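Peer 1: Sequence:
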Amino acid sequence: MENRISASLSGEQLKTVLDLIRQLEAALPFLVALTPDERKDLTRTGDASRPFIDKSLKLVQAHNQFLPRSFDVGEFAADVQLRAALETIRVRLSPLVEKLDDTTACVASDAYDAALEAYHYARQNGEGEGLDELIALMSQRFARNKRTTKPDTN
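For the sequence shown, counting from 1, position 130 maps to 130 in the working numbering; every step adds exactly one.
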């Protein structure tokens, strides 16, 4: 059994990390959480849209005479600037989130491998040691779902 991660996170370290996350959230109070339907309703943009957006902003800043009075050039410029700033933050955070996901997967795998090994040894050597009930509970992890099939009524 390979143990990929051998580390610990003290309560104080965890508190520090969570406090830093709260500070990030407080520094970005305008962040939103969309529902799947809200996300689906958004206009899709990607890397190819950035130059179009940037050129459109330059266009309306230089030649706004064709725009209706209701078009807010300042808000458009603010959205473009905020998008760029948020993208900078996202690019910086993405590798950290990926490392967090990978490390969590490794630690979970290590723990599961150890649990399987302990279960195996308990089944082989734990009989009569007062472990029968616990072993039976643990064995439920490997029980197959028994699905009842309904007769075809067609």
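Read the hints as simulated data drawn from the structure, not as lab findings.
Check before you lean on any hint, since a few could be wrong.
The following label-pair restraints were derived from C-beta to C-beta distances [unchecked claim]:
1. Glu117 - Arg22: 22 to 30 Å
2. Lys55 - Val17: 23 to 31 Å
3. Val17 - Tyr112: 20 to 28 Å
4. Val17 - His63: 13 to 21 Å
5. Ala85 - Ala143: 49 to 57 Å
6. Ile89 - Glu129: 48 to 56 Å
7. Ala85 - Leu131: 53 to 61 Å
The structure presented is a predicted model; accordingly, all values stated were derived computationally and were not measured.
The beta carbon of each residue, even a glycine, is placed where N, CA and C say it ideally should be.
Peer 1: Against each hint, give a clear statement of whether it holds in the structure.
Peer 2: A quick look at each hint next to the structure:
| no. | hint | in the structure |
| --- | --- | --- |
| 1 | Glu117 - Arg22: 22 to 30 Å | violated (38 Å) |
| 2 | Lys55 - Val17: 23 to 31 Å | violated (41 Å) |
| 3 | Val17 - Tyr112: 20 to 28 Å | holds (24 Å) |
| 4 | Val17 - His63: 13 to 21 Å | violated (49 Å) |
| 5 | Ala85 - Ala143: 49 to 57 Å | holds (52 Å) |
| 6 | Ile89 - Glu129: 48 to 56 Å | holds (54 Å) |
| 7 | Ala85 - Leu131: 53 to 61 Å | holds (57 Å) |
Comparing the model with each numbered hint stated earlier shows that hints 1, 2 and 4 do not hold.
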